[in-house]
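*Asks:* Chains A and B, in that order, are what the protein sequence lines are.
Going by my numbering, the first residue of the first sequence is number 1, and it counts up by one from there.
Going by my numbering, the first residue of the second sequence is number 1001, and it counts up by one from there.
No lab work stands behind these hints: they were computed from the structure.
Heads up, a few of these hints could be off.
[To be verified] Below, a list of computed lysine-lysine pairs in the DSS-like style, where the Cα atoms sit at most 25 Å apart:
{"id": "1", "chain 1": "B", "residue 1": "K1100", "chain 2": "A", "residue 2": "K79"}
{"id": "2", "chain 1": "B", "residue 1": "K1029", "chain 2": "A", "residue 2": "K5"}
{"id": "3", "chain 1": "A", "residue 1": "K5", "chain 2": "B", "residue 2": "K1124"}
{"id": "4", "chain 1": "A", "residue 1": "K5", "chain 2": "B", "residue 2": "K1125"}
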Amino acid sequence: MKSLKLANFHVRMMLPSMVIYYMIFITVITFLAASNSSTDQNFSSSGLEFSTVIFLFVMGLNAFRENFYFSQANNLSRKTFWSGLLLSILPIAFLMSIVDLVINRIYNAFVPSPTNFDMIYGTFRDTGMFDWNTMQYVWEQSNSYYTLFSTLIWQFAAYVLFFVLGVVITLIYFRSNNLVKIIVSVTPVALLVLLRNIAGLLPKTWILSFGTFIDAIFGWQTRNPYMATLTFFTSSFFLAGCFYLLLRRAEARE
Amino acid sequence: MNNIELKSITKNYKATCALKDISLIFEEKRIYGLLGRNGAGKTTLLNLITNRIFPTHGHITLSDQPLTENDDLLERIFYMTERNLYPDSMKIHEVFRWTKTFYSNFDLTYANQLCEKFDLNPNKKFKALSTGYNTVAKLIVALASNAELLIFDEPILGLDAHHRTLFYKELLAQYIKTPKTIILSTHIIEEIADLLEWVVILGNQTVLINESVSSLLERAYAITGKSTDVEAFIQNRDLIGLEYLGNYCKAILLETFNTETFEILTHMGLEKSKVGLQELFIKLTDVGGVLNEITKVG
């Protein structure tokens, strides 16, 4: 019960930022559409909702400290804080997924604008945006129930994942001393460099198997968006577990 | 019984020991003073009681149930910290509203009445408040929470004399109306001494004194007279402080005097007077004196 009250608090704290984000987002795309409608040039945009992913990731990064201290001010347990924060992202991510879908469909009436979902699982992969021979737009957005529902769920799962990722990264920093903070900061870059160099040294079958695995978990070949959705949710559950383990002994330092 | 019980609590911060093997009981419906010098472990102790931090060893219970991560028990405690834990952008009336959602007994009407008494504008944001009014806002939330156990860490930080008096009066009025356990941790001992029923003094990572204020002050005496006479009198007595002024000196003793002792005092021509809580605290926690244990002189 207290988790729901805390989730309500988190949602209300996030709403103003969300409104500002959409005001800026809508202003920018309206400006883009208006400025390009007056020219004869072919203009399209794609994957605009990725900015929502970045927004929610940043929100996740900022969601921990202030809310944790607030929960401590009200003497709430860490379990309540954990479940409250996780519950709060569900309506936010769902609402933003719907808003992004609506904005995309409206924007697409003026400017061809496939979503990330359209580009990965739709016909965009086969046709592309523009036929250079006929000089015509060939891509048409599907508005079938399947596409709308799948886009909604797929985006929702991705939004939840990136928010939780942001929270976990902040919590790692919160729990770490200076040395661990440096290690955590350097690790992603080091991993990228290492993987790039190691890839050439590993047996080709390993690389192929890894490629097949990635292909399968994101439903690329089969064009099954629910595989990716499942992967996003599984990753979110895993991160939520990490969040709990890091939080259970977290101390509000005075 | 709504007692808070600390059983063999030790708290280490890496290599530093903040509290060592402390066992304490905070009994219900009493006003406690938690005293100690800077770094004595007062805030650590309060943070442990309220589940903000975890003990390295030991257990804390409320009504014989473990307090750790127990929402039902934690709701019975309100802890006003020195540091502001509310979002800076939050308005005072919003803090009231949200506190009401987590503390079902929070009295919104009383909170607004207190705002008027303390001359605090509830439409102001926390970040717009001065240090004094920041404390006032947190005090109002604590007083209106109606929690069974109220804990105040430095509750009068930055408050002017008028606000301090108002706070003491409100606290006392509330205690008389609905008795509850109150723990006050402050350095301004003189002002709160009259409020306290029981005192816990921390020092050297442990509990130096855990006693009712009246019984503690009853056995504390200041003996003044010629140095030679005072020095002779304090032999084999529980001395906690000695001050010299020329040929005269003042000794603070912490022991129960019997009729014979009073007769000796009269016979030696020494004067005795009572000692205030603040002076007693200073002597007890004087690093250069007898801190860890009250040693016998001679």
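*Asks:* Any of the earlier hints contradicted here, and which numbers?
*Replies:* 2
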